[in-house]
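Novice: Same order as they appear, the protein sequences are chains A and B. For the first sequence, full-length UniProt numbering assigns the number 1 to the initial residue and increments by one for each residue that follows. For the second sequence, full-length UniProt numbering assigns the number 1 to the initial residue and increments by one for each residue that follows.
Fair warning: there could be bad hints in the mix.
[To be verified] Chain B is faced by these chain A residues, among others (derived, beta-carbon under 10 Å):
no.	residue
1	P43
2	K74
3	K88
4	V163
5	E165
6	E195
7	F199
8	T211
9	D236
10	N271
11	L304
12	Y309
13	H387
14	E397
By construction, these hints were calculated from the structure, which means they are not laboratory data. The C-beta atom is built at its ideal place from N, Cα and C for all residues, glycine as well.
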Amino acid sequence: MEEVLEPLKHTYPGREKQLNELFYLFGMSNKPYPLNVFICGGPSTGKSSVTTAFLNAFNIKYAFVNLIECYSSKILFESILNQLTNHKIDPKLGTPYAKCENLMEFCNQVKSIVDTFELNQSVIVVDKAEELRNMEFNLLPAFLKLRKLTEISISVIFLSDIVFEKYYFKLNIVEPLKICFPQYNKDELLEILTEDFKFAQVSLFDHYNKTLNFTVEFFQGYLNVFLSFFYRACRDLRELRQMSRKNFIFYCEPIYKGQLTLNDSMALWKNISPILTSSAEVLYLRITSATSSKNSIGKTTQKLELPFYGKYLLIAAYLASYNSSKDDRRLFMKFHGKKRKTNKEVQQKSKVSEQLNTQIGPKAFALDRLLAIFYSILDDKVGFNNHLLVQVSSLVELQLLSLVSDDSNLDGRKYKCTTNFETIQMVSKMVGFNIRKYLSDFSHF
Amino acid sequence: MSKDNTVSVSRGVFVFKNKGNRSRKSRSNISKMLSQNLWYQEYDNWWSVLNETFEDLNRNAFASLKSELFDFLKHSHQTRRTEIPTATLLTGINMPDHEAQFSTLKSEIEDNITPHVACLNSQDCGNLKFLMDNMILQFLNSMEQDNLGEEDEQTTITFKKSNLSLALLQSWYQDLYCINDNKEMPLLVIIIPDFESFNIKVLQNFILILAHYLEHLPFVLVFGIATTISTFYTSFPYHVTAKIEIQIFECESSILNLNKMLESFFLSAYCPFQLGGNVFDLFTEIFLYYDFSVKNFMQNIKFAMMEHFCYGNAMALCQIEKKEAKYILECFSHDDCENVRHLMSFRKMVESESYENRIKLLTDDVYFKDVVFEKVTNLQKYIKRLHIFLKCVHVMVEDLPGFPLGKNLREIYVMAVTKTLTDSSEYKEAFKLLEFQSKEELQTKLEKIVKIMEQFINTSSKKTVLKEFWNGISQFIQLLNDTECNDPEELVENTDRTVEPQILCNLTDRKSLKEVSLSKNDALLFRSKQKSISLNKYEKLRKEILEFLTNNFKLYLLQPTSLPLHEIFFFVDLSIKDKIIGTHRTAIHNALNDPHYYLQCNCCQISTSQSVRPTMPDICIAYKLHLEWGKMINLYDWLLAFLCVVDPKEDDTLDEKSKKVVVPELQARFTQAIAELEYLGFVKSSKRKTDHVTRLTWGG
Numbered sequence: 001m002e003e004v005l006e007p008l009k010h011t012y013p014g015r016e017k018q019l020n021e022l023f024y025l026f027g028m029s030n031k032p033y034p035l036n037v038f039i040c041g042g043p044s045t046g047k048s049s050v051t052t053a054f055l056n057a058f059n060i061k062y063a064f065v066n067l068i069e070c071y072s073s074k075i076l077f078e079s080i081l082n083q084l085t086n087h088k089i090d091p092k093l094g095t096p097y098a099k100c101e102n103l104m105e106f107c108n109q110v111k112s113i114v115d116t117f118e119l120n121q122s123v124i125v126v127d128k129a130e131e132l133r134n135m136e137f138n139l140l141p142a143f144l145k146l147r148k149l150t151e152i153s154i155s156v157i158f159l160s161d162i163v164f165e166k167y168y169f170k171l172n173i174v175e176p177l178k179i180c181f182p183q184y185n186k187d188e189l190l191e192i193l194t195e196d197f198k199f200a201q202v203s204l205f206d207h208y209n210k211t212l213n214f215t216v217e218f219f220q221g222y223l224n225v226f227l228s229f230f231y232r233a234c235r236d237l238r239e240l241r242q243m244s245r246k247n248f249i250f251y252c253e254p255i256y257k258g259q260l261t262l263n264d265s266m267a268l269w270k271n272i273s274p275i276l277t278s279s280a281e282v283l284y285l286r287i288t289s290a291t292s293s294k295n296s297i298g299k300t301t302q303k304l305e306l307p308f309y310g311k312y313l314l315i316a317a318y319l320a321s322y323n324s325s326k327d328d329r330r331l332f333m334k335f336h337g338k339k340r341k342t343n344k345e346v347q348q349k350s351k352v353s354e355q356l357n358t359q360i361g362p363k364a365f366a367l368d369r370l371l372a373i374f375y376s377i378l379d380d381k382v383g384f385n386n387h388l389l390v391q392v393s394s395l396v397e398l399q400l401l402s403l404v405s406d407d408s409n410l411d412g413r414k415y416k417c418t419t420n421f422e423t424i425q426m427v428s429k430m431v432g433f434n435i436r437k438y439l440s441d442f443s444h445f
Numbered sequence: 001m002s003k004d005n006t007v008s009v010s011r012g013v014f015v016f017k018n019k020g021n022r023s024r025k026s027r028s029n030i031s032k033m034l035s036q037n038l039w040y041q042e043y044d045n046w047w048s049v050l051n052e053t054f055e056d057l058n059r060n061a062f063a064s065l066k067s068e069l070f071d072f073l074k075h076s077h078q079t080r081r082t083e084i085p086t087a088t089l090l091t092g093i094n095m096p097d098h099e100a101q102f103s104t105l106k107s108e109i110e111d112n113i114t115p116h117v118a119c120l121n122s123q124d125c126g127n128l129k130f131l132m133d134n135m136i137l138q139f140l141n142s143m144e145q146d147n148l149g150e151e152d153e154q155t156t157i158t159f160k161k162s163n164l165s166l167a168l169l170q171s172w173y174q175d176l177y178c179i180n181d182n183k184e185m186p187l188l189v190i191i192i193p194d195f196e197s198f199n200i201k202v203l204q205n206f207i208l209i210l211a212h213y214l215e216h217l218p219f220v221l222v223f224g225i226a227t228t229i230s231t232f233y234t235s236f237p238y239h240v241t242a243k244i245e246i247q248i249f250e251c252e253s254s255i256l257n258l259n260k261m262l263e264s265f266f267l268s269a270y271c272p273f274q275l276g277g278n279v280f281d282l283f284t285e286i287f288l289y290y291d292f293s294v295k296n297f298m299q300n301i302k303f304a305m306m307e308h309f310c311y312g313n314a315m316a317l318c319q320i321e322k323k324e325a326k327y328i329l330e331c332f333s334h335d336d337c338e339n340v341r342h343l344m345s346f347r348k349m350v351e352s353e354s355y356e357n358r359i360k361l362l363t364d365d366v367y368f369k370d371v372v373f374e375k376v377t378n379l380q381k382y383i384k385r386l387h388i389f390l391k392c393v394h395v396m397v398e399d400l401p402g403f404p405l406g407k408n409l410r411e412i413y414v415m416a417v418t419k420t421l422t423d424s425s426e427y428k429e430a431f432k433l434l435e436f437q438s439k440e441e442l443q444t445k446l447e448k449i450v451k452i453m454e455q456f457i458n459t460s461s462k463k464t465v466l467k468e469f470w471n472g473i474s475q476f477i478q479l480l481n482d483t484e485c486n487d488p489e490e491l492v493e494n495t496d497r498t499v500e501p502q503i504l505c506n507l508t509d510r511k512s513l514k515e516v517s518l519s520k521n522d523a524l525l526f527r528s529k530q531k532s533i534s535l536n537k538y539e540k541l542r543k544e545i546l547e548f549l550t551n552n553f554k555l556y557l558l559q560p561t562s563l564p565l566h567e568i569f570f571f572v573d574l575s576i577k578d579k580i581i582g583t584h585r586t587a588i589h590n591a592l593n594d595p596h597y598y599l600q601c602n603c604c605q606i607s608t609s610q611s612v613r614p615t616m617p618d619i620c621i622a623y624k625l626h627l628e629w630g631k632m633i634n635l636y637d638w639l640l641a642f643l644c645v646v647d648p649k650e651d652d653t654l655d656e657k658s659k660k661v662v663v664p665e666l667q668a669r670f671t672q673a674i675a676e677l678e679y680l681g682f683v684k685s686s687k688r689k690t691d692h693v694t695r696l697t698w699g700g
């Protein structure tokens with residue numbers, strides 16, 4: 001069986017140890033499989049692909065379910081049964097192999113089909129197992145003891161992003177065997193990204209309509225440059241792969257233009273480094289076109305189109321959320337009288353930044369207060385009309401305000417302003433309003 | 001709806017749903033009744049024209065980015081994807097307009113890219129199950145429609161809700177397309193028009209699920225985001241954004257959209273119905289200050305049109321073509337003529353006529369019709385020219401520093417229809433600024449004007465006035481070109497003035513103008529000489545050009561109210577403001593203060609707003625009385641005052657009345673009225689003073 005394992009190790013560099021562990025557990029068909037195995041590791045560390053590739057290679061019958069998809073446990077059970085019985089859903093009817101609403105029915109079904117489908121020594125792979133915590137309470141213990149419940153030698157492999165200790169459970173349950181998939185290190189990443197060699201050739205051809213004969217070494221040279229930029233910021237394989245694919249095209253651009261040759265690695269590096277720096281800024285943003293993305297991101301985040309009164313309502317909401325109502329009189333009334341400074345207030349004013357209202361989250365305010373502030377900050381007189389009221393609810397719909405009181409309570413509705421200081425500063429700049437003057441945090445400066 | 005149907009222990013309001021048939025019938029009756037009237041026909045006609053243009057425009061709001069978007073969709077699954085390709089459309093916050101826009105987008109994608117499009121609205125997708133069911137059903141049915149057409153609807157298979165799952169979708173898709181593998185796999189496009197209204201958690205899980213199936217099913221997401229792209233990142237954590245790849249498509253801003261709409265049909269010469277400056281201002285204000293919604297803007301215009309046309313048959317003359325107006329006039333009865341005679345500007349017109357003509361105008365319908373026809377054709381010409389010349393003004397001033405006449409055509413329009421544009425200080429300021437324009441700028445502007453004019457001239461060659469203007473401008477361009485040739489000469493100060501007359505001799509058709517400009521130029525030159533700054537050749541020419549333009553504008557950009565019968569084309573009644581911007585507080589105050597306004601009964605009519613009548617509803621009496629008190633109201637005093645109004649049997653004084661026993665029935669009525677006022681939020685029981693209530697509203 002070792003000879004099956006070797007190519008696997010080759011296709012999954014950096015996962016040799018984990019493959020070995022899996023091999024000890026599931027490799028020998030004459031030995032009984034473990035009850036259940038818990039595989040944990042961060043995102044894109046190869047959990048699902050290694051597991052399924054292993055099971056495929058060793059011809060082990062398995063069912064693979066992703067728990068996110070199973071918004072009801074019915075889907076979970078039925079899809080496991082469908083896969084174990086190789087049931088193909090007829091697109092005209094859409095019926096599953098068997099109806100299965102709850103755990104009990106599931107166990108019975110599995111028992112009844114064990115002989116016809118040879119379920120002994122089969123495996124159920126449960127991906128995104130952390131979802132089990134939000135699903136029905138009996139699912140996790142049941143999957144941990146599935147063999148006992150069904151009296152069939154069936155094993156369960158859990159794949160999870162978080163460690164098993166976080167699955168707080170009241171019942172004492174059997175702890176499963178654990179295999180850890182650690183994050184790849186730089187060398188492993190390099191090796192995995194080198195697998196992209198074929199894809200890089202194709203995409204270059206697609207982009208420039210001309211083939212470029214380059215060696216794996218050349219590609220690795222690029223990846224080395226690439227990783228030296230990105231490895232500090234990001235270790236996520238998916239993200240890195242996407243970025244490397246995107247930038248490789250730019251990397252080869254001078255070669256296509258005939259300015260440089262494949263061997264001018266130093267010049268190529270000089271050419272690509274500003275591009276890499278700029279694309280590091282849009283890392284994680286997942287914007288496709290690399291050239292225009294930086295500008296457009298900068299522009300679009302700043303461009304919030306709102307009607308004039310909508311802007312003022314938003315500003316008023318921000319002021320209501322981040323000022324305490326005690327200060328309203330002082331901030332918004334013209335002749336509020338003199339206030340004597342007490343010792344306590346002087347102390348309060350020398351607040352540390354954590355105590356600033358703008359640093360603490362927004363506070364709820366009533367509609368009356370919002371309107372009062374709105375009218376006091378607005379210079380021109382405007383009647384109180386229905387269009388204004390509609391504006392408030394459309395701001396809620398746009399998620400710039402959020403409704404904090406109960407939805408059914410029509411009388412004393414309370415809102416919170418969910419925009420941040422930068423946005424509100426920008427909005428107030430557009431209408432020529434000095435927001436700092438009206439925030440109690442800044443007003444004493 | 002007899003009373004027996006609604007016997008109930010509690011008193012309540014019962015809803016009786018109108019039966020569909022009846023309401024439809026009544027509506028058709030109304031339109032039939034109205035369609036007898038000329039004005040209604042015309043209204044209907046023009047409104048449908050406007051509405052069609054508007055809907056076309058609205059539907060094509062995405063037209064500018066459509067080709068880009070389609071390109072993106074076409075290429076999205078050419079290579080194997082590990083992330084879901086996602087197009088995010090930044091649509092702007094005018095939500096009411098989006099519905100139509102997205103439904104067109106959907107049908108266009110269906111026609112051009114793939115038959116499988118699902119459009120998910122937030123209302124239908126409260127949780128993940130609903131969302132999935134909705135999407136899967138739409139996909140499954142998309143195929144049914146495609147294959148079967150409308151032949152037999154019976155064959156569409158109804159799936160059990162409980163059976164809907166992505167596994168089913170997958171097997172359906174494979175069944176459809178995997179048999180012929182060489183063929184390109186059609187995409188599964190999912191449109192989510194209102195990103196913000198969705199439950200974020202649901203969307204997150206949705207994307208994770210889709211990503212899981214991406215290997216087998218080529219999904220593409222299209223999001224419509226109303227605010228900014230940053231909402232996208234704030235609502236999705238990394239493990240979700242890692243599953244998608246975004247391309248941003250920016251729509252035009254809604255202000256641009258409005259301008260486009262206005263310029264395409266409202267500020268053009270094709271529509272006879274014109275909004276007066278104040279009404280136009282009101283509508284644009286609502287748009288810019290309140291909602292940004294083009295749809296609402298159109299509804300406002302519709303209302304204004306209805307108000308305008310329902311004045312009477314006189315408004316049927318609101319036509320842009322001569323023939324039509326003539327035809328309508330022929331149909332006019334005596335009553336219709338009277339209707340026209342009631343127009344305010346007609347009165348002014350009559351007063352300016354001679355005595356015999358006055359009598360003729362008022363009595364002789366035939367003569368009257370001739371005059372009206374002449375005036376109407378004048379107006380038609382005026383409107384056409386107004387729009388053309390406004391465009392020219394717009395071209396001249398749109399990029400001036402400080403925008404003295406505004407940036408947009410609509411602003412200039414408003415100014416032109418409320419006052420005489422050429423006399424306004426803004427216009428003068430703008431033209432003063434124009435005097436500093438460089439040659440290149442001026443030339444491009446003139447060329448633009450020529451282009452605008454050409455659109456109108458080529459179609460009909462007989463419009464001599466326009467043609468003359470056009471000729472003049474083209475000649476000026478020629479002259480500008482010539483001066484460009486003499487560039488070096490021009491740079492020298494104090495170039496000879498002798499050159500000018502030669503150039504000006506070319507302008508044979510505007511002799512008088514030339515003289516005026518020459519004399520002015522000379523005067524200016526004289527002055528400038530004193531300041532030791534002399535005009536060079538170009539500067540002189542520029543002066544002349546501007547003079548020419550202003551003279552023409554003066555001729556054609558008159559104030560519409562100065563023209564007789566302008567009411568037929570221009571709607572200036574600002575009283576519709578109350579109906580368009582609803583103010584609920586005033587409405588409530590009106591209802592309580594003057595119930596006759598709404599009830600239209602004979603018993604409650606009052607001469608002044610202060611007077612009270614016993615026949616009014618109790619709550620109105622109580623409300624009117626409470627207006628007279630200060631902050632705190634003594635309930636007993638209030639009751640006595642109430643009794644005085646409701647039950648003024650004997651003319652006894654208040655003191656005597658207070659000694660009497662209050663009739664329990666009246667007291668109960670009073671209590672109820674107070675309770676109602678409290679419910680409406682006018683008074684509040686007070687803890688500070690016993691037997692007192694606090695008044696909560698002031699003014700009004």
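Novice: All the hints need checking, so say for each whether the structure fits it.
Specialist: Now for the hints, and whether the structure bears them out:
{"no.": "1", "hint": "P43", "result": "holds, 6 Å"}
{"no.": "2", "hint": "K74", "result": "holds, 7 Å"}
{"no.": "3", "hint": "K88", "result": "holds, 6 Å"}
{"no.": "4", "hint": "V163", "result": "violated, 16 Å"}
{"no.": "5", "hint": "E165", "result": "violated, 20 Å"}
{"no.": "6", "hint": "E195", "result": "violated, 13 Å"}
{"no.": "7", "hint": "F199", "result": "holds, 8 Å"}
{"no.": "8", "hint": "T211", "result": "violated, 16 Å"}
{"no.": "9", "hint": "D236", "result": "holds, 7 Å"}
{"no.": "10", "hint": "N271", "result": "violated, 25 Å"}
{"no.": "11", "hint": "L304", "result": "holds, 5 Å"}
{"no.": "12", "hint": "Y309", "result": "holds, 5 Å"}
{"no.": "13", "hint": "H387", "result": "holds, 4 Å"}
{"no.": "14", "hint": "E397", "result": "holds, 6 Å"}
Checked against the numbered hints given earlier, this structure breaks hints 4, 5, 6, 8 and 10; the rest are met.
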